[in-house]
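Q: Sequence:
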Amino acid sequence: MAEADVSRVSGPTYTLTPDEISAFQQKGYITLRNVILPSELKDIEDVFDEFNEQKRGVDFGRDFGDHSQGHGTERSEYNMINVNNPCRHDPRW
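Heads up: the sequence shown at position 54 corresponds to 121 in the working numbering, and the numbers run straight through without jumps.
Simulated from the structure, these hints should not be mistaken for lab results.
Built from N, CA and C at the ideal position, the CB exists for glycine as well.
Treat each hint with caution, since some may be false.
For each label pair, taking beta carbons as the anchor points, the in silico distance ranges come out as [to be verified]:
# : residue 1 : residue 2 : range
1 : 143       : 85        : 45 to 53 angstroms
2 : 87        : 129       : 32 to 40 angstroms
3 : 100       : 137       : 31 to 39 angstroms
Please model the entire structure based on the sequences and the hints provided.
A: Shown next as structure tokens:
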């Protein structure tokens, strides 16, 4: 993974180029690459792995699951994992 372009990041602000602004205006979306540092992503992945492995003692109820399938799908059958509002359920997040 490439390093984040820190010259474009200042706190919560990510500066867009004129080309990115134009692309957003034309398409309605843009993809921001390398916004997060690999070390920051690793921290997030670790927490989500703990959520998935039920190591944080958190019951997400319906806010955790594979939202591409119906509620009640067995965890072993998940295609993808969605965690809605993790900080609401786990203040350590």
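Q: Evaluate each hint against the coordinates.
A: To see whether the hints hold, each was checked on the structure:
1. 143 with 85: 45 to 53 angstroms: Holds, at about 48 angstroms.
2. 87 with 129: 32 to 40 angstroms: 36 angstroms Cβ-Cβ, so the 32 to 40 angstroms window holds.
3. 100 with 137: 31 to 39 angstroms: holds, 34 angstroms
Going through the hint list in order, the structure satisfies each hint without exception.
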